[in-house]
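There are 2 protein chains.
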Amino acid sequence: MSILVLGTTALDTVTTPSGRRREMLGGSAVHFAMSASHFTPVHLVAVVGRDFPRRHVDFLRKRGVDVTALTIEDGTTFRWEGEYRGDLNTALTLSTQLGVLATFRPCIAQHQRCIENIFLANVDPDIQRHLLERMRSVRLVGLDSMNYWIDHKRRSLVRLLKKVDIFVANDAEARSLSGETHLIKAARGLRKMGAPMVVIKKGEHGAFVSFKDSFFCLPAYPVETIVDPTGAGDTFAGGFMGYLATAKNLNDAAIKKAISYGTVMASFNVEGFGVERAARLTKRDVARRLKRFRDSVSF
Amino acid sequence: MSILVLGTTALDTVTTPSGRRREMLGGSAVHFAMSASHFTPVHLVAVVGRDFPRRHVDFLRKRGVDVTALTIEDGTTFRWEGEYRGDLNTALTLSTQLGVLATFRPCIAQHQRCIENIFLANVDPDIQRHLLERMRSVRLVGLDSMNYWIDHKRRSLVRLLKKVDIFVANDAEARSLSGETHLIKAARGLRKMGAPMVVIKKGEHGAFVSFKDSFFCLPAYPVETIVDPTGAGDTFAGGFMGYLATAKNLNDAAIKKAISYGTVMASFNVEGFGVERAARLTKRDVARRLKRFRDSVSF
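Sequence lines, in order, name chains B and L. Residues 105 to 403 in the numbering used here are what the first sequence spells out, letter by letter. Residues 105 to 403 in the numbering used here are what the second sequence spells out, letter by letter.
No lab work stands behind these hints, which were simulated from the structure alone. As the structure is a computational prediction, the values presented were derived from the model and not from experiment. C-beta atoms are modelled at their ideal positions from N, C-alpha and C, and glycine is treated no differently.
Computed from the model, here is a short list of chain B residues facing chain L with C-beta under 10 Å:
hint	residue
1	285
2	314
3	322
4	402
Straight line, CA to CA, 27 Å or less: simulated DSSO-like cross-link-like pairs of lysine-lysine:
hint	chain 1	residue 1	chain 2	residue 2
5	B	360	L	360
6	B	395	L	306
7	L	289	L	257
8	L	306	B	289
9	L	289	B	306
10	B	360	L	306
11	B	361	L	395
So that you can see chain B by itself, here it is in the shape it has in the complex (with noise of 0.2 Å):
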């Protein structure tokens, strides 16, 4: 089962205590489909400027990622600069510039209309909906999004939660567009606003699932050096949004399990900057750190 992913393409300029990069290939859209790739099909629906590398479109229809719905636009890429310090949990964003992405109308194929499994990476909730509405058999919807737009379009945001099947969210988000403290009871705010699944990301503190009855929460993959956690969130959601488009039931043990690919993909991925990690990443680099977190939190 394919998974069609809608979000940003981006060119990153990233500064960590590791070093510098200047315009990788970054985005939501292009983060999540690295990592769910590696699960099912991805068809990738984003937008970027004439500017926009060509080698990158390669890089990604090489990597499987279906590229048909990539539109390009006169204009310039979103682009987005930012830096990590310390301890490299929070991004100090340098410069956002928007380009192409101001007026951006995702734009699909026919055949594409028809692709079940769908994750609606971070931008505008309007332009969310917008692609949710055109799809024709939705079988699982995943949710992402951003303090900048539970901020300004909150109302848009609250209204799409009651159409999605999953809502996913770092703790910050949470916190803000549930308004509470407590991170249980902001998933459970949140499931009450409309998702019956939540995903809470907690960046180095792994990730936690509230669905029905469930409780799921596994810790991070423990990586010594962080490169670059840019990203980190949306590879989460690639490894379980991927995972769970290929499982045949919704049940307890495929949840587990996609939160485990999520973590381990993740954990792969704040080890390079943007997707250099990802780009080398083997299916048995996947199950080989898969059995060592397994290992390591099974008791």
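Using the hints provided, position chain L relative to the given structure of chain B.
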């Protein structure tokens, strides 16, 4: 295999969003003992003043805690007053009255010198060393401390690190003593300083163990309403060390089980003020929650 714990026995006055309790039974050794006594006989080594309520001694004895080495001295019992606000992660100390703790010299019976498992809960590292030197045939020694001793008796503490098997610290203490921000590196640094096994407690984010080539991490058990976090760290240590005291080998399986017991015991502790919840805890409660916890993290 019984365990001997050295630490404080206190009268705690605590205010949290759930309410306030005056002069409850508390202290590092008490919280540890309440937890460890679920696994193995516990000998308490501490001091109280003449004002210490008789009923607290009876209560500990009833709980199966050997109070032979609970010295009663002329003077007042150690008192701590604190308040938790907001997310309950950090205690605001309102007052500390050392009383008889200021001149405490642990005094144990001859037969107690042969106890093989020892936990040096948070007191002055010179007192911890004094006790440890009196023990005859140690098998497993655990050590806890706090930022005050890291700042004021760093040299004594570092010397002691080389004489113990397990060092238990919270995240702030681990960072402060090792000088490393990244917790995995902090744990490694503390091991280089002498403790073969390091346990880092991260509060609501769980705990991890660094030992030889192994790394085990578990999230906290999800508790929806935290009533009072006082003593959660000592309760964790009590479950961890209490279980290990009964384990034949210090292998990976035993360590993982020990973390899980520590986690579960701590989760009960925070559900009531002081030792209220621990006081009415049954073996069945523990077994049931351990099973739920195992189900939630295994995949």
